[in-house]
Each structure stands twice: as C-alpha cells, then as structure tokens.
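Once you have looked at the hints, place chain B on chain D.
So the sequence lines, in the order shown, correspond to chains D and B.
Reading the first sequence from the start, the letters are residues 1 to 423 in this note's numbering.
Reading the second sequence from the start, the letters are residues 1001 to 1220 in this note's numbering.
Please keep in mind that the hints were generated in silico from the structure rather than gathered at the bench.
Each residue gets a CB set at the ideal place from its N, CA and C atoms; glycine is no exception.
Accuracy of the hints is not assured; some may be wrong.
Unchecked claim - Residues from chain B shown here face chain D by an in silico Cβ test under 7 angstroms; the list is partial:
1) Trp1014
2) Met1018
3) Leu1031
4) Leu1032
5) Gln1034
6) Phe1062
7) Leu1063
8) Pro1064
9) Val1067
10) Gly1105
11) Phe1160
12) Asp1189
13) Ile1191
14) Val1192
15) Thr1210
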Amino acid sequence: MTAPQTYVQTPQAKAAYDARWQRIMDCVNLKQPDRMPVAMLATFWLARYGGISYRQLMYDYEKTKEISERAILEFQPDAPSPTVLAVATGPSLEAIGFKQLQWPGHGVRDDQPYQYLDREYMKAEEYDEFLFDPTGFYLRKYLPRVAEAFEGLEELHYLPGLHYFRLVAGIRSFGKPRVRQAFEKIFKAAEEVDRMVAHHADFTQRMAAHGFPMSYITTTVSPYDMLADYFRGATGMMKDLYRNKDKLLQLLDKAAVFLVQQTLWSAKSAGHPIVFIPIHWAPDAFMSGKQFETFWWPSFRKLLMGLIEGGIIPMPLWEADCTKRLEVIRDIPPGKCIYWFERTDMVRAFEVLGDVVALRGNISPSLLTTGTPEQVDAAVRHLAENVFHKGGKLILDGAFGIPDETPVENVRAMFTAARKYAS
Amino acid sequence: MSDMTDQEKQLVEWLADMNEDDAFALAKRMLLEQGANPMRVLDLCRAAMDIVGKRFEKGEYFLPELVLAGEMLENIGAIAKPLIKQAPGGEPKKLAKVLIGTVHGDLHDIGKNIVTFMLDINGFDVKDIGVDVPVKTFLDEINAFQPDVVGLSGFLTLAFDSMKETIEAIQGAGMRDKVKIMIGGGQIDEIVRSYTGADAFGTNAVQAVTLCKGWSGVAA
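The following block holds chain D by itself, in its conformation from the complex (with noise of 0.2 angstroms):
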C-alpha cells in the first residue's frame, strides 16, 4: 500500500453509521432497536463470491478489501467484520513462520481454509515453570515452540536475577547468533504486520465512509481454550482435568489475569469496544456440568468482569450446543455483553438470558450451505418471530457467520428476510 488513503464520510454515511451502531449498543443496553440488526462475519466464504481462491484471499490484500467491500455495500449488514485480520493473514503469517496453522500454499490447498494443528505444545511436566515466570516461559519455550521467528531465543539468558554486574555480564546472551538472528527475523515480521495493519485501518476507515461500523476489532480468548487449543492441546488438557488438577486450576486462574491486561491493551489500540471471544471448549457434549463450573467458568468469568470494569463489551461466541450451561453463563451484570451461540436452540436462550445479554445467531450452517432460500427465510422468520419480536435483543448472524460454501442466493436470502420480518 501506497500513503494511506483518507475518507470522507458523507452526512448521509455518518447518520447511517450512527444508527447502525446505535441498533447494536440498543441491543447490548437492552433496549428494543428501531429494527433486528444483522451482522455479518464472512471469512473464506468471500473467496467464493469474488471469485478467486483462497490463497488469494489470504495474499492479496487489495483483492480481498475490494471483495470484502463488494459484499458489504450489496448486503448492507449491520455490522461486518474486520475482513483483513480475519483473513489477510498469509504474508504475515510466513513472515512469523507460524507453525499451529496449516494455510492455502503452507500445508493445504489453495481452495482450502486454514486450519490449526492440535499439538501439545507444553509438556505437562512445564506447569510449575509457565506459573513461576509466564513471560520467560513464553519468550524462551513457547513462543520458539510455535513459530520459527522466535527460534534462538532459547538461548537467551535467564532473565529474572539479571541486575548489578550480571546484568552486565547476563547481556551477553543477546548477541549469541541464535538469538540476534530471531530478533532479525522478528523485526522482519512486525514490518508484514504493520503492512497487513495498515491494509486493515484502510479498510474499516473505507467502510466507515460508507456508513458501516465493524462489529469487532480485537479478538481474545477463554483462559479454558487458551491452555488447551494453543498450550496443551485438546486431549493433554483433558487428562489434565484429573493428573493435574491443582496446578490447572492456578494457571487458569493466573491467565484470567494476564489475558485481561492484554485485551484491554489491544481493544484500546484498536479504538473499538467489543471484544469477539470465540470459544471451543464449552459446550454441552464436552465435559460436565460439574466440571464446566470447575475448570471452565470461573476463570472465564473473571476475564468478563476485568474487560467489563474496563468498558469492554465481550461477545464470546459459544460454539456447539450450550444448551446445558445458559443458567450459570447468566452470572454476569445485564447489559454489558453480546452472547453469540452457534447450535444452542436461540429460543431458549431468549428464554433463560433475554434480561441479561444481546444475542447474536444463529441460522445454522448445514441449512445455509445445503438449503434452499426458502429454508433460509423461514429459519430468520422463525427467529424473528420467537426471539426478537418477544423483546429479545438479537442481531440476526449465521450460527457462525457465513460458512465458506454457502451459495450466494442463502446469503441473499438471509439479509432480505430479516428486513422482511423485523423491521
């Protein structure tokens, strides 16, 4: 990208904006909007529309704004999504030699999303030292464990204990070959994101111009999800639930802390003030109640209250069937957060949640990839009639945005019937 591009917003854009963003906080506040909002986030799927693959979509950043921008202005959702961040990602992912994805050219095809691999990527026996030191933990294991930038800071010397004259001496240990080659490889990488952050702010001050305000920026994660997706991996964690129990429950606890100061530190960067939560390890079909109410809640719940006191708006979206957990997840001060639910039934969660949150959701994706558009229409009409029009505070979504194979015409379909039947 060239020097970055300023934007007019038009009055007629700024009061259209504004009253998007108003049916969105109108929602989060718990007051009836003017009419359903609807958001969208659409990932691969633009890859589709546009007509090119998904390598592309990944690569080449003006390619996927013009599309992205394409979709917004024919659909004129709500709230889209930060298309850039969300997808753009393949420069910088190489430049960071990202090892926990696979991406089109890196470990799938072209026309294959990105996926992660599930690795143990801390040992088990490693709890004691991530307790102790997170941020050497982190600098000195993990972070060269999971992307090859980072390989050579292993060597780098232990820092805590480093003042007086083994400071002096312990400096060393940053000009050992290794570790002067990571630094070189680092600022390499943070020169690509700030390319890809750049194409980002173009894109989100391009759609602000257009009158339309991104329903998200910054993302984060559960402190549950964080240890067993990026740390544990999804069976070490479960074992964990019972070979390590004591040590678990501290670091969840420990991370809850970490995390909010991290998010906190993003969103303010990013100028927006919901925080997109996605979250795996939940559901219903995962573990017990007993043990959702162990391990799983408090610490999470304790990363809602610190965003919450630091005037963050959490939009975790609850993966799966959480049928089971809607009356503890209801533990939260009402009006302050947007829960998303992606096969939870969306009447019942009205039902035991509607005075508590805004919810977002959820036509499910085997009905948009394979249906008809009259499916489509009567699954918003169902939604809209059951939920919004009883006074619950839904912006309408896909159960997890637009699944990447869904034809054009269940998109149509989707954005027509929710303005068809709550407006």
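The following block gives chain B in isolation, referenced to the frame of chain D:
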C-alpha cells in the same frame, strides 16, 4: 463376563471411576507379580469400558473420561499384550469391520480418534485411514479391507461436499449396497445426512458404537 474375584471387581471399579493410579498399579501387580492371564485382564478392562460407555450415555461422563479411559487402557495394554503369546486363548474374535477416516480437505482428527478407540474397545475390527483422505483412497481401502461399515468424519463445513462425493463414488463403484455408511462431526445433523446420502449420523463416539452394533446385529 464370568464371575469376578474381589480383586478383579476392584480393578474394574477403579478403572470405571477414573482412579488411574490405583488401577494401573493393581493391573501391573496382577500381570507381572501374580501371573494373571493377560486376556482376562484385558477382558476386565473391556468390562470397565462398558461401564464408562454407559455413564457417557447417561450424561455422567464426557470427553475427558473417554480420553482418560483410552489412556488407562493403552497403558495396561502395553504391559498385557506382550504377555498374551504365553497364555492360552489368543486374540478374541472381532465383531464387524469398520473403516474410518476424515474426508478430503479436512485435517481434524480428535473426534475420529475417539470414535476409533471406542469402536475398538467394543470389539470391532477398526481400520483408521487418517485425515484428508481422498475419495480414491476410500475406494481402494474398501476393496482391500472389505468393511461392513464405513465411517466418514469431518469438522469443517467443506466436509459436507467431501462426504457427498465420497458416498457417490462408493455408489458409482458398485459398493454402496455392501456397506453401511455413518458420518460424524461437529456440524453434522440430519440435514447433512440427507444431503450426503449417508445411512446415519452421530454426534459422539457412543452413538457410533450403537450404530455399528445395530448394523451388525449385536445388542447395544
């Protein structure tokens, strides 16, 4: 299974209750110090897994227990299996054959691995052919392995089309009538089953076992 001694009952109970340390120590003592028949010990493990499966069906146990049960069984099996040749009996007769894999385009394997484990401990002859399995590989493996049931796994929405293509290819190769096909994964529901042409779908490992038992005429 036949009458159990108090010690055998204790092993089954500890395994079923996820008391890993005590169960492993006892199994090890039985096998290495008391000369217990390794086949008998493995049968006790299976009896414990039956209880685990039932507790899963009743909603008392969830994925962590299935995973830990798998780990306990593997650890005891690692001691018991090398001893089997010295004992009378040999390998028990397996139930139906199940071929299982994650369809092409999808690299997810956690669900598939748990299903494979549960089918295996329930006595099925399971062949797991991995992730991102091309249609042709499924056809070749069906020809070679001659399964009674084919399980197609997938977590991503792209798996819907991959499953449909795989099932159409099985049909096209004239093998559809010889196998039952089940599909499973996080996004799978009746809409997807109907779209792909599978015989049945499941959302957890115990449902997969129930389906296979139903198709092979074994009481679930």
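Hints, one by one, checked against the model:
1. At its closest, the beta carbon of Trp1014/B sits 13 angstroms from a beta carbon of chain D; the interface hint therefore is violated under the 7 angstroms criterion.
2. Look at Met1018/B: its Cβ gets to within about 6 angstroms of chain D, closer than 7 angstroms, so that hint holds up.
3. For Leu1031/B, the interface hint is violated, the least distance from its beta-carbon to any beta-carbon of chain D being 22 angstroms, above 7 angstroms.
4. The beta carbon of Leu1032/B comes no nearer than 23 angstroms to any beta carbon in chain D, farther than 7 angstroms, and the hint placing it at the interface is violated.
5. Taken as an interface hint, Gln1034/B does not check out: its beta carbon lies about 27 angstroms from the nearest beta carbon of chain D, beyond 7 angstroms.
6. With a least beta-carbon distance of about 5 angstroms to chain D, the hint placing Phe1062/B at the interface is held under the 7 angstroms criterion.
7. About 5 angstroms separates the beta-carbon of Leu1063/B from the nearest beta-carbon of chain D, less than 7 angstroms, and the hint is met.
8. Nearest Cβ of chain D to the Cβ of Pro1064/B: about 4 angstroms, under the 7 angstroms cut. The hint holds.
9. Hint status for Val1067/B: holds, given a least beta-carbon distance of 4 angstroms to chain D, under 7 angstroms.
10. With a least beta-carbon distance of about 5 angstroms to chain D, the hint placing Gly1105/B at the interface is held under the 7 angstroms criterion.
11. At about 6 angstroms, the closest approach between the beta carbon of Phe1160/B and any beta carbon in chain D falls short of 7 angstroms, and the interface hint on this residue holds.
12. Here the hint on Asp1189/B is kept, as its CB sits about 5 angstroms from the closest CB of chain D, short of 7 angstroms.
13. Checking Ile1191/B against chain D by beta carbon gives a least distance of about 4 angstroms; that is within 7 angstroms, so the hint holds.
14. Nearest Cβ of chain D to the Cβ of Val1192/B: about 5 angstroms, under the 7 angstroms cut. The hint holds.
15. Checking Thr1210/B against chain D: minimum C-beta separation of about 15 angstroms lies over 7 angstroms; hint violated.
Hint compliance for this structure: hints 1, 3, 4, 5 and 15 are broken, all remaining hints hold.
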